[in-house]
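One-letter residues, chain by chain:
Protein chains: 2
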Amino acid sequence: MRIYNSMSARSGGRDARQKMRSDRSVTFMPPMDRGLPYMDLLSADELLRLHDNSMQVLEEIGIEFRDDEAIALWRSAGAHVTDQRVRIGRNLLMDLVAKAPEYITIHARNPSRTVTIGGRKTIFTPAYGSPNVLDLEGKRRNATVADFVNFAKLAYQAPAMHMTGGVLCEPMDIAVPKRHLHMNYSLIRYSDKPFMGAVTSRERAEDTVAMAKIVFGDEFVHNNTVMVSIANCNSPLVWDSTMLDAVKVYAASNQAILFTPFVLAGASTPASTLAAVAQLNAEALAGIAFAQLVRPGAPAIYGQWLATVSMKSGAPMAGTPEICHMNMLVGQLARHYKLPWRCSGMCTSSKLVDAQAGYEAARNMYGVLIAGANFVLSSTGYLEAALTQSYSKFMLDAEQMVMFHKLGQGLVKSELDETLDAIRQSEPGSHYLGTEHTLKNFEKAFFVPDLMNHDSYEQWNFAGAKDADTRGRDAAERALREYQVPPLDEAIDEELLDFMKRRELAIGEAVL
Amino acid sequence: MRIYNSMSARSGGRDARQKMRSDRSVTFMPPMDRGLPYMDLLSADELLRLHDNSMQVLEEIGIEFRDDEAIALWRSAGAHVTDQRVRIGRNLLMDLVAKAPEYITIHARNPSRTVTIGGRKTIFTPAYGSPNVLDLEGKRRNATVADFVNFAKLAYQAPAMHMTGGVLCEPMDIAVPKRHLHMNYSLIRYSDKPFMGAVTSRERAEDTVAMAKIVFGDEFVHNNTVMVSIANCNSPLVWDSTMLDAVKVYAASNQAILFTPFVLAGASTPASTLAAVAQLNAEALAGIAFAQLVRPGAPAIYGQWLATVSMKSGAPMAGTPEICHMNMLVGQLARHYKLPWRCSGMCTSSKLVDAQAGYEAARNMYGVLIAGANFVLSSTGYLEAALTQSYSKFMLDAEQMVMFHKLGQGLVKSELDETLDAIRQSEPGSHYLGTEHTLKNFEKAFFVPDLMNHDSYEQWNFAGAKDADTRGRDAAERALREYQVPPLDEAIDEELLDFMKRRELAIGEAVL
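Residue numbers (our numbering), protein chains in the order written: chain A, 155 to 666; chain B, 155 to 666.
Heads up, some of the hints might be wrong.
Pairs count within a copy or across copies, as identical chains cannot be separated in the list.
[Said to hold, decoys possible] Cross-link-like lysine-lysine pairs, in silico, DSBU-like; alpha carbons within 30 Å at most:
1) Lys620 to Lys466
2) Lys594 to Lys466
3) Lys466 to Lys275
4) Lys560 to Lys466
Read the hints as simulated data drawn from the structure, not as lab findings.
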């Protein structure tokens, strides 16, 4: 696959590569281990009423599974089935949901990048699915596979990105039927963190599992989880055959699925935070239960993409108060069911990396952190309601996520033991700049972001008066220049490229 | 005072003014009534240890009151005094602190703008003290009294600003000795919300009380609270005579004071979140206790201005994880002492209204909301660590604060009663756009911000591709154009102007 030759730092042979690897190590933060308390909006009674509402929805209205195999599975499990409508009794539903694991370990090809989610453990992942990029010159254009590779390289280098991501952007220069092969390869080749799989057809999911098996071995993939994929629910209350096909492939292979009702509150749900959550809860639980019919114990992540809708344009919004309330409600429910759960983080409707992008992304993500999500998608780069991936915002967001990580970890309570001694090292009216305690603790005590500018106006002006957008683009350029490809066994690399060649040929013939 | 003639919409005589008033009413949101739970970082035992650390600081190291009258008051109250160093036993301290009220009602000259803080009630107030503005053309320059009047007009119109503010910016075109007179007048004249008083000397505080008495009457001011003023502590552990002079004037008049340790964590406190909070707790409590020596029951607000410091430049930062942790700790302490407490909100180090400004302001304010502050200063316009007040950011922030208000109010739990009926109004695979429940509830269910743009890229581009900064400036221009001065009794207005004239004359003579 010639297109990848120029994209990695592979020229110079094995020795040169070995040397480069040892020259520079990439910082990596483990999954966030939440030290903040949870913030439950509902009393235990109110939570049970909300749960009961979801149960009644599934028992009385039911939910559609638009797929014959899925219908057959539900029928034999004892659900009440009429055509594609499945009505699920709460006992059956909750018995199935109880089979889903509370914690999921997602293995990376570099074992030191393997992560576990669930309970108080949280991971962050880049934005997903945008057809456009805001490029290194700040120009909006169609995304390409070269952009995709670039974002994989940036995700690899971002300390608080725990996965490389999935559809980092849509490589519009590669035909859809073979696009997933190139995305999978790039995610595997240019980073060594866990990745996300293709979900747009059964065959593409199967290709993804096959490529994972080349990297990890057949048996390992069958018995462990090495990737996470998204299955969107067509809210209200429909799981369609495309998504269910992917779910069947992944669940059978023990690969994790994000069961994601797609909430445009007021359009695909009622105009009420509590009713919207009651509905999405029914949808997510039905999806998770279905995965257990395919393979009991299949790793399933409760989750949602969630926006309120502008009355003016019908467009999704980010960071609004109601989104935050809904995320908190979902978190409380997921904890009640002992399921790991997913949210979207640094979301914005802005077309630019401007103040709106900053306000909305920070508000949205802060809400997600408080709500306690275990899997945060769209943690970097997201603009324009996911239609654009931005190089600049990727870098700015990546640094923000380092701060959210530290925020979520909570206090270092052992500081209490040293408090008085620390204060005794100065005098009223003096300062602490040179004290022994300060010299020992400053660096670890307070995080100093690089891309936020704290200089005086004069210093900043003298240095070029760069806004945050410009600094973000500069940082992306620098990171791409400094990138060094992580090692991958050459036999595996050859086998992956070989697989892609064969599949492209077969797909090409099928398309003709 | 001729300079104010062109600044208010007073031309056209009484009839024209009456008409304008009735044409347009300004929306006003009452104090936020917190519906979110609190997030306590410390266990009850850990909180007592932190409290105990603060008590030990005051008992062992003590705190300086650099003012003879203050020293005399402490001596006669039974504190251990050596020169200016006051060591205060915990029983004395806590007896005094217990005299400070749990709730404070701040009266406005328009009674419908009167607010109460404390417990779950929170108010928002604009930024304070910047010598520069980023003006309507986006240019940074010295602030003037015309800017000050403009910001008073914007604060008056902002629905979620509960006070007009204090030093909205420094009117650099008016000499310092008489500047406070013009600020007080503008705050009273161009808005009818509560305001903040001058604190830079005893005389200026006395002038402020005198002007309030013209508006409210002597006895009312003596027995009620009509303003709030800031007293900064010179951390570590010094209350200086300028601030104490103002405190004595205001406390004697029953006017509220924000006792504000000025925390540059790592410089004016130890490099430890818990030690920094232990110190600021000692400082704030000592200030509040002192106010009770002046007048038992004097309204006192526990609070701080709080930043971590960049190692690179020594400059203060905003929105960092540690700032949020410290605010949460302070909130938990203030609730323990049953004191209303203060924080700063939309803070940023950015020189521009760019993505940094958005990220930092939103992160900082979200932390303040979660922490549960009752009085949020710097809710609008703040740039460059308070050195610049921005027209554009004032408008953007003001809208963000409406969203924070709604976020903090929490859920409308009665929605639980209608949840099932709402979901029954649609079908799987359909939508909710036209349902009876949606039509009835959409507008009140979801907030739609005006200044955040949710249009498609094409719509946005067609409409001029304006970034958030430009939209904010446009909004400020529009608001100033549409501003209508709230009614003020003409006799009071004349008396205020008369007072200013007399005081200016006296000050002028004193200066010569």
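These are the hints, each one checked on the structure:
In this assembly of identical chains, lysine 620 and lysine 466 lie within 30 Å of each other by CA distance solely across copies; the values are 18 Å between and 34 Å within a copy. Proximity of lysine 594 to lysine 466 under the C-alpha cut-off of 30 Å is restricted to the inter-copy arrangement: shortest distance 17 Å between copies versus 55 Å within a copy. Proximity of lysine 466 and lysine 275 under a CA criterion of 30 Å is satisfied in neither setting, with 39 Å inside one chain copy and 32 Å between copies. Taking the closest pair of Cα atoms, lysine 560 and lysine 466 come within 30 Å of each other only across two copies (20 Å); inside a single copy the shortest separation is 38 Å, beyond that limit.
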